[in-house]
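The task is simple: from the sequences and hints, build the whole structure.
Chains as they are written, first to last, in numbering that gives the first Met the number 0: chain A, 0 to 208; chain B, 0 to 223.
The set of hints was computed from the structure by calculation and includes no laboratory data. Just so it is clear, the structure is predicted and the values come from calculations on it, not from any experiment. Glycine included, each C-beta is placed from N, C-alpha and C at the ideal position. Among these hints, one or two may not hold up.
[Stated by the list, open to error] Estimated spans, in silico, between C-beta atoms of each pair:
| # | chain 1 | residue 1 | chain 2 | residue 2 | range |
| --- | --- | --- | --- | --- | --- |
| 1 | A | 3 | B | 123 | 53 to 59 Å |
| 2 | B | 122 | A | 27 | 35 to 41 Å |
| 3 | A | 142 | B | 67 | 35 to 41 Å |
| 4 | A | 16 | B | 26 | 52 to 58 Å |
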Amino acid sequence: MGCTAEQVTRAVIEAAGVVAEHRSELIELDRAIGDADHGENLNRGFVAIVEALAQASPQTPGAVLKIAATTLISKVGGAAGPLYGTAFLRAATKLGDRSEVDVEALVEVLRAALEGVQARGKAVEGDATMVDALLPAVAAAEVAAKGGADVAGVLAAAAEAADKGAESTVDLVARKGRASYLGERAIGHLDPGARSTALLLHAFAEAAQ
Amino acid sequence: MTVGLVLVSHSAKLAEGLAALAAQMAPDVRIVAAGGLPDGGIGTDYDEVVAAVQRADSGAGVVLLYDLGSAQMTAELAVETLSDPDSATVVDAPFVEGTVAAAVAAQGGANRSAVAHAAAAAGAPPELDAPADLDGESVVELTLKNDVGLHARPAALLARLVAGLDAEVTIALREHTAKANSVLALMSLGARQGDRIEVRATGEQAAEALNKVKELVESDFEVT
Chain A
0 MGCTAEQVTR AVIEAAGVVA EHRSELIELD RAIGDADHGE NLNRGFVAIV EALAQASPQT
60 PGAVLKIAAT TLISKVGGAA GPLYGTAFLR AATKLGDRSE VDVEALVEVL RAALEGVQAR
120 GKAVEGDATM VDALLPAVAA AEVAAKGGAD VAGVLAAAAE AADKGAESTV DLVARKGRAS
180 YLGERAIGHL DPGARSTALL LHAFAEAAQ
Chain B
0 MTVGLVLVSH SAKLAEGLAA LAAQMAPDVR IVAAGGLPDG GIGTDYDEVV AAVQRADSGA
60 GVVLLYDLGS AQMTAELAVE TLSDPDSATV VDAPFVEGTV AAAVAAQGGA NRSAVAHAAA
120 AAGAPPELDA PADLDGESVV ELTLKNDVGL HARPAALLAR LVAGLDAEVT IALREHTAKA
180 NSVLALMSLG ARQGDRIEVR ATGEQAAEAL NKVKELVESD FEVT
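Structure follows, in structure tokens:
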């Protein structure tokens with residue numbers, strides 16, 4: 000049994016709520032090493048997504064993610080817009096017009112999102128970016144899926160691994176984005192993009208329960 | 000119909016200023032600035048970049064140049080989501096030099112890959128070679144009488160002139176030689192008013208090239 004368009008819509012709305020809740024936290028994380036706009040931008044994007052979903056009421060999971068993608072690209076700006084936009088866009092493309100997301104499709108979608116983010120931002124593991132959250136999340140999702148976990152279980156495993164991955168950015172020198180200008184001074188700071196990636200995966204996992 | 004250019008910048012002023020600069024040297028090229036956010040702030044805007052690509056495309060395709068950081072991502076994403084992603088190229092090049100080189104190449108009728116190449120090559124130091132003596136070359140010596148010598152506009156006029164001819168043309172000043180089809184190489188010769196330059200040409204239209212260059216220089220670059 001997989002997730003329908005309605006369930007995916009609910010998960011995205013759940014994510015919007017989590018982003019709103021953590022808006023200030025993301026702003027503060029970004030203030031330390033960037034330009035303090037990550038929480039504001041991402042929140043603006045997700046508020047717009049909720050509006051767009053309400054207007055369009057998309058009929059497939061892929062269509063839901065496509066709306067999320069195009070809205071993020073248009074509304075978020077900076078690096079986060081193209082990066083999250085690409086992640087959702089690749090995920091939507093991977094789903095095509097299938098009517099449900101099962102475990103197998105979910106793992107493929109997460110992998111496609113990761114590959115999209117890496118292609119767009121050219122970051123690798125250890126650069127202190129959202130890749131450091133997403134990469135272990137995808138690996139954990141694959142392991143959980145092989146172990147027979149359901150959609151909620153796979154997402155929970157991904158979220159947990161993303162947390163650990165995000166935390167690992169504290170000890171890293173940022174090598175991409177504005178934080179890379181800080182060099183060693185970026186050490187000791189949690190990357191806001193890695194943090195928001197983990198938050199989104201938690202929201203999806205929560206919605207799948 | 001020439002290749003169009005889109006300048007993706009975090010700043011509207013930067014993109015507009017650069018578009019104006021490049022347009023001086025490439026009056027027939029569609030150069031569209033896509034800088035800043037809709038509210039006037041600093042940043043890059045995906046929707047504006049997509050619209051700019053559409054405006055810049057007159058049928059020969061578009062080359063996009065960007066300033067830094069996320070401007071590259073916005074540009075690449077915009078191209079990927081075009082109805083025909085193969086009609087546009089995002090090029091990694093120094094923003095100012097690359098735009099000028101691309102504009103001059105486009106003005107000379109170069110295709111999209113040649114325009115992109117001209118932009119990318121602008122990142123390397125211009126090729127200034129020691130003068131060479133080649134068989135079958137025609138040579139003419141000319142004195143620059145115009146006020147600014149081989150500065151931006153005259154250099155662009157010269158590069159455009161030779162781009163349309165089947166000839167390999169070089170300009171030498173003292174110990175340096177520049178390919179005449181490269182506006183940046185010409186400018187880096189630093190040829191000023193009163194300098195005597197040596198023009199060499201080989202190829203099918205070598206003689207015609209020399210005549211035309213002579214005409215251009217002797218008209219103080221007023222010929223259009």
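Status of each hint after checking the structure:
1. A:3 <-> B:123: 53 to 59 Å: Check passed, 55 Å falls within 53 to 59 Å.
2. B:122 <-> A:27: 35 to 41 Å: 38 Å, holds
3. A:142 <-> B:67: 35 to 41 Å: 38 Å, holds
4. A:16 <-> B:26: 52 to 58 Å: Hint holds: Cβ distance 54 Å, inside 52 to 58 Å.
The structure shown violates none of the earlier numbered hints.
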